[in-house]
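Q: These protein sequence lines are chains E and L, in that order. Taking my numbering, the leading residue of the first sequence gets 1, the next gets one more, and so forth. Taking my numbering, the leading residue of the second sequence gets 226, the next gets one more, and so forth.
Worth flagging that the hints you see were computed from the coordinates, not collected in a lab. Be aware that a few hints might be false.
Claimed, not checked - Below, a list of computed lysine-lysine pairs in the DSSO-like style, where the Cα atoms sit at most 27 Å apart: (1) E/K67 x L/K360; (2) L/K360 x E/K138; (3) E/K67 x L/K363; (4) E/K135 x E/K211; (5) L/K333 x E/K14; (6) E/K135 x L/K349; (7) E/K135 x L/K360; (8) L/K267 x E/K138; (9) L/K314 x E/K162; (10) L/K421 x E/K135; (11) L/K267 x E/K213; (12) L/K239 x E/K89; (13) E/K138 x L/K349; (14) L/K389 x L/K363; (15) E/K89 x L/K333; (16) E/K47 x E/K135; (17) L/K438 x E/K89; (18) L/K363 x E/K47; (19) E/K124 x E/K213; (20) E/K135 x L/K292; (21) L/K333 x L/K243; (22) L/K387 x E/K135; (23) L/K333 x E/K138; (24) L/K314 x E/K124; (25) L/K349 x E/K47; (26) E/K42 x E/K67; (27) E/K124 x L/K239; (28) L/K387 x E/K42.
What the hints assert, rightly or not - Residues of chain E placed beyond 10 Å of chain L at every Cβ, according to the derived structure: (29) S94; (30) E158; (31) K211.
Idealized CB from N, CA, C, for every residue including glycine.
There are 2 protein chains.
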Amino acid sequence: MTLHKALEKVTFLKGLGKADLNHIVKIASVRRYRAGDMVFNKEEVGKNFFIVNSGKIKIFSSLGGGKRKTFAFLGKGDFFGEMSLLGGKIRSASAQAVEDTELLVISKQNFGRLVVRHADFSMKIIRTLVERLDKANKEVESMLFHNILGRLASAILELEAKSKAGPLTVAIGQGELAEYLGTTRVPVCRAVNSLKRSGIIDYQRGRIIIKSKARLQSMAARARG
Amino acid sequence: MTLHKALEKVTFLKGLGKADLNHIVKIASVRRYRAGDMVFNKEEVGKNFFIVNSGKIKIFSSLGGGKRKTFAFLGKGDFFGEMSLLGGKIRSASAQAVEDTELLVISKQNFGRLVVRHADFSMKIIRTLVERLDKANKEVESMLFHNILGRLASAILELEAKSKAGPLTVAIGQGELAEYLGTTRVPVCRAVNSLKRSGIIDYQRGRIIIKSKARLQSMAARARG
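All chains should be modelled from the sequences, with the hints used to inform the complete structure.
A: In structure tokens:
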């Protein structure tokens with residue numbers, strides 16, 4: 001498959017016209033990462049913009065004290081790395097391949113030109129930034145209002161919405177789940193067991209099965225009052 | 226002063242060319258609000274984009290249980306209201322005039338055209354969204370890592386960076402400060418007194434005076450370890 005055909009299948013680029021797509025083929029290169037490889041580290045100077053062609057990327061930050069906070073899992077068609085190209089120059093978080101992953105890489109200079117010259121491209125960047133900002137603000141609200149149970153309920157619903165593990169199913173280990181909430185294993189394990197005992201979820205071998213989505217939603221929504 | 230001259234002084238618009246500015250004069254109208262007036266409420270359908278011409282706007286969300294979370298104070302040249310025009314249709318937070326305030330109002334339709342046709346304008350939107358996302362993510366990190374003292378230290382530094390009350394001075398009441406942190410008066414009052422006793426700040430008649438910026442910075446930075 002040519003890079004052009006591969007690019008046409010990337011969700012992020014789907015709305016772009018042929019001229020835009022041809023332009024991106026010219027300026028993008030492909031890089032492959034093994035599961036566990038770092039794409040970049042927090043506090044490095046940002047030099048590239050990335051689009052996920054296949055695989056899975058984790059965006060996270062080390063909090064100190066051995067704790068980590070996962071901000072997002074990104075899959076096919078998602079992009080990342082724009083923040084240090086547009087704002088401060090330093091990466092505000094780290095990016096790591098969770099599975100074997102193929103990325104399209106665009107240099108800082110070419111990315112800047114794309115944003116200025118291609119309105120469809122900049123509109124997509126804007127819409128995604130708005131989504132991510134909305135998610136971050138809701139997380140702040142949720143942290144101010146909820147205990148760990150409510151935050152776990154929100155997190156399970158978020159992860160399920162983009163899960164590929166089947167309906168009402170999320171494939172995630174307890175360590176990853178703890179990092180997604182920015183906490184440690186012990187409180188997450190307790191919260192998971194509490195949701196299991198209440199019959200709201202089941203959790204076996206790294207898979208959460210949602211048994212009552214309505215009750216999860218009401219736990220997660222309690223902050224909106 | 227004509228609207229055109231007033232617009233030339235708005236920071237947000239300063240980088241824009243004459244053609245862009247003329248275009249905005251044509252499509253923007255001016256609205257005045259008294260201190261305390263609501264501009265819009267959370268969960269309303271978003272119809273307009275706003276640029277602050279003078280005065281001060283607070284963006285906040287009610288958390289239930291009488292608690293509020295202030296996301297930002299916005300002044301001359303700042304913009305708001307873009308999120309529900311670009312993402313979900315519903316306002317994700319409320320906007321209220323803190324002082325007597327004059328806003329430039331641009332309809333959803335005209336805003337959409339501006340973003341698509343004027344690259345400088347969309348670039349400014351993108352850069353601001355990146356800044357706000359970075360701030361929100363840092364707040365999530367800070368909440369996961371810090372107790373109220375560390376979060377208060379971060380908040381004072383943020384507020385001081387855009388304060389007009391003089392060097393090392395922030396004009397803010399304890400109620401507003403509690404809302405900025407998304408908590409209630411009692412814990413904030415305790416934390417303020419603790420910083421006072423340590424000689425790090427002074428607080429009198431609604432004014433915080435920073436006496437040791439270095440110590441505030443080290444308290445706020447402890448999450449970055």
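Q: For each hint, tell me whether it holds in the structure or not.
A: The hints, checked one at a time:
Pair hint E/K67 plus L/K360 holds up; C-alpha atoms about 20 Å apart against a cutoff of 27 Å. A hinted pair counts as satisfied when its Cα atoms are at most 27 Å apart, and L/K360 with E/K138 qualifies at roughly 13 Å. Taking the CA atoms of E/K67 and L/K363, the gap is about 15 Å. The hint holds against a cut of 27 Å. Distance hint between E/K135 and E/K211 is fulfilled; the C-alpha atoms sit about 25 Å from each other, no more than 27 Å.
Restraint check for L/K333 and E/K14: the C-alpha separation of about 25 Å stays at or below 27 Å, so the hint holds. Of the pairs offered as hints, the one joining E/K135 and L/K349 holds, with about 21 Å between alpha carbons and a cut-off of 27 Å not exceeded. Among the hinted pairs, E/K135 with L/K360 is consistent with the structure: their alpha-carbon atoms are about 13 Å apart, no more than 27 Å. The suggested pairing of L/K267 with E/K138 holds, with an alpha-carbon distance near 13 Å, which does not exceed 27 Å.
Under the criterion of a C-alpha separation no larger than 27 Å, the hint pairing L/K314 with E/K162 is consistent with the structure, at around 21 Å. For a cut-off of 27 Å, the pair hint linking L/K421 to E/K135 is broken: about 35 Å separates their Cα positions. Between L/K267 and E/K213 the CA atoms are separated by roughly 25 Å; this keeps the pair inside 27 Å, and the hint holds. Between the alpha carbons of L/K239 and E/K89 the distance comes to roughly 23 Å, so the proposed pair stays at or under 27 Å and holds.
As the CA atoms of E/K138 and L/K349 are separated by approximately 24 Å, the hinted pair is consistent with the 27 Å bound. Between L/K389 and L/K363, the direct Cα distance comes to roughly 24 Å. Compliance with the 27 Å bound is thereby established for this hinted pair. Distance restraint check for E/K89 and L/K333: the Cα-Cα separation of roughly 32 Å exceeds the 27 Å cut-off, and the hinted pair is therefore not satisfied. Of the pairs offered as hints, the one joining E/K47 and E/K135 holds, with about 26 Å between alpha carbons and a cut-off of 27 Å not exceeded.
Of the supplied pair hints, the one linking L/K438 and E/K89 holds, its CA atoms being roughly 24 Å apart against a limit of 27 Å. Using a Cα cut-off of 27 Å, the hinted pair L/K363 and E/K47 holds, with the two alpha carbons roughly 21 Å apart. Between E/K124 and E/K213 the CA atoms are separated by roughly 31 Å; this puts the pair beyond 27 Å, and the hint is violated. For the suggested pair E/K135 and L/K292, the alpha carbons sit about 20 Å apart, so the restraint of at most 27 Å is met.
At most 27 Å may separate the alpha-carbon atoms for a hinted pair to count; L/K333 and L/K243 meet this at roughly 22 Å. A hinted pair counts as satisfied when its Cα atoms are at most 27 Å apart, and L/K387 with E/K135 qualifies at roughly 25 Å. Note on L/K333 and E/K138: the hinted pairing holds, with a Cα-Cα distance of about 23 Å set against a maximum of 27 Å. For the hint pairing L/K314 with E/K124, the CA-to-CA distance comes to about 16 Å; that is within 27 Å, so the pair holds.
Among the hinted pairs, L/K349 with E/K47 is consistent with the structure: their alpha-carbon atoms are about 20 Å apart, no more than 27 Å. With a C-alpha separation of about 15 Å, the suggested pair E/K42 and E/K67 falls inside the 27 Å cut-off, and the hint holds. Restraint check for E/K124 and L/K239: the C-alpha separation of about 25 Å stays at or below 27 Å, so the hint holds. At roughly 26 Å between alpha-carbon atoms, L/K387 and E/K42 fall within 27 Å of each other, so this suggested pair holds.
The beta carbon of E/S94 sits about 12 Å from the closest Cβ of chain L, which is more than 10 Å, so the claim that it is off the interface holds. For E/E158, the shortest C-beta to C-beta distance to chain L comes to about 14 Å, beyond the 10 Å cut-off, and the non-interface label holds. For E/K211, the requirement that its beta carbon stay farther than 10 Å from each beta carbon of chain L is met, with the minimum near 27 Å.
In terms of the numbered hints stated before, the structure departs from hints 10, 15, 19, listed from lowest to highest.
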